[in-house]
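Undergrad: Listed here are the chains, written in short residue letters.
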Amino acid sequence: MFDEKEIEAYRKISAPDGLRERVLSSCAEYPKARRNLPAMLRTISSAAACLALVVVLSVFTMGRFGDASVSVSGDAILPESSVSVYPEHGVAPLSAQPTGKSIPAVSFPIALSLSEKTKITVSAGEMQMTDDTDESVSFGSALTADGEILIHWYVNPNDTENAFVMTLRGALKSETLTLAYNEINDTWTISRGEN
Amino acid sequence: MILSRDKRNDLAAVYDRYADMLYRLALSHTQSKEDAEDAVQDVFTKYITVSTKFSDMEQERAFLIRATVNRCHDLMRRKKIREHDSLDDITEIPSDENEEAKDIMKTLAQLPEKYKTAIVLHYLEGFSVEEISGMLGISLSGAKMRLSRGRELLKNLITDEEKSDV
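If you're matching them up, the sequences are chains A and B in order. The numbers in the numbering used here rise by one with no breaks, and the one at position 140 of the first sequence is 140. The numbers in the numbering used here rise by one with no breaks, and the one at position 116 of the second sequence is 1116.
Mixed in with the good hints there might be a few duds.
[What the hints assert, rightly or not] Okay, derived cross-link-like pairs now, DSBU-like style, lysine-lysine, Cα gap no bigger than 35 Å in a straight line:
# : chain 1 : residue 1 : chain 2 : residue 2
1 : B       : Lys1163   : A       : Lys5
2 : A       : Lys117    : B       : Lys1163
3 : B       : Lys1163   : A       : Lys12
4 : B       : Lys1033   : A       : Lys5
5 : A       : Lys173    : B       : Lys1033
6 : B       : Lys1033   : A       : Lys12
7 : B       : Lys1007   : A       : Lys12
8 : A       : Lys117    : B       : Lys1007
9 : A       : Lys173    : A       : Lys117
Derived from the structure by calculation, the hints contain no laboratory data.
With the sequences and hints as input, model every part of the structure.
TA: Shown next as structure tokens:
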């Protein structure tokens, strides 16, 4: 694949000298100066774009009272349809594990716009609900929410024999999101259907 | 939050242990020195908020690698990938090795993201398939598949490059 000389050349690439001090300084003042200005602007513009998307989706679905709008990584999932999704790799938060030990997990950021108070449950894995400041506000396998929320759904990638199911149960309507892994294609899909 | 002297020393030690590897990994994804620096900085900022939760160095290393890859994906999504435009900014490579390392980066740039990470970690950083499986939170067969497909793509790319050089 790569010969010894190439590997050696690659490994000689090192982080710039100034980066060490930059990292230590920014971490020392965290969160006051956790990011440089361009990174912050990128975050703000990205958040604004997400908000705009949620508003557009909300307006689109206003005529369907009781319905929820669902999107994963910015891709809207319409009722009775499915989309391919790309997982974020990570370690499920410690509080997710009954054993107190963290496990490797993949997570899927699911943005929901709920027009009524809805009970959200998952057949496996854990959900971390965050507010617009990106702070975790709720955690577990069963949550209740309404309005616009973001849920990170953590699942164990080594337990993909059965599909994972998220149920959204409101007073007017009940829906499911089914998350499935296809090992042959190494892809994940989320399907949305009525319960 | 102000870091205590001990915490700062701990962070410095972790930085010294992993920064070069994380920077190379970020550079292979972003192809931009500036973005790679931003990614590494963001990863360490995130690290200090969770560092007490790691039970061993392996878990700590896995977190840092995953966080770097995720951060790079975020940056790439936002910038829609600035194709190769900053490769000349890679100035940290010693001049005698410079071109060779740049060639590797250019070749890696053409690989899809998920194969690139596995290829870099296995063939250039020397991690085993099992370690990669754990670091990326994927099954062992998934890691093997990524390496296999990545290797195949890489061979085609190298062959194409050799043909175009002739």
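Undergrad: Determine for every hint whether it applies to the structure shown.
TA: Outcome of the hint check:
Between Lys1163/B and Lys5/A the alpha-carbon distance is near 21 Å, which keeps this suggested pair within the 35 Å criterion. A distance of roughly 62 Å separates the Cα atoms of Lys117/A and Lys1163/B; the hinted pair therefore is violated under the 35 Å criterion. Between Lys1163/B and Lys12/A, the direct Cα distance comes to roughly 28 Å. Compliance with the 35 Å bound is thereby established for this hinted pair. About 23 Å separates the Cα atoms of Lys1033/B and Lys5/A, which keeps this hinted pair within 35 Å; it holds.
A hinted pair counts as satisfied when its Cα atoms are at most 35 Å apart, and Lys173/A with Lys1033/B does not qualify at roughly 50 Å. The hinted pair formed by Lys1033/B and Lys12/A meets the criterion: a straight-line CA distance of about 15 Å does not exceed 35 Å. Distance check on the hinted pair: Lys1007/B and Lys12/A sit about 28 Å apart at the alpha-carbon level, within 35 Å; holds. Using a Cα cut-off of 35 Å, the hinted pair Lys117/A and Lys1007/B is violated, with the two alpha carbons roughly 43 Å apart.
A C-alpha spacing of about 11 Å is found between Lys173/A and Lys117/A, which places the hinted pair at or below 35 Å, so the restraint holds.
Hints 2, 5, 8, counting from the list given before, are not met by this structure.
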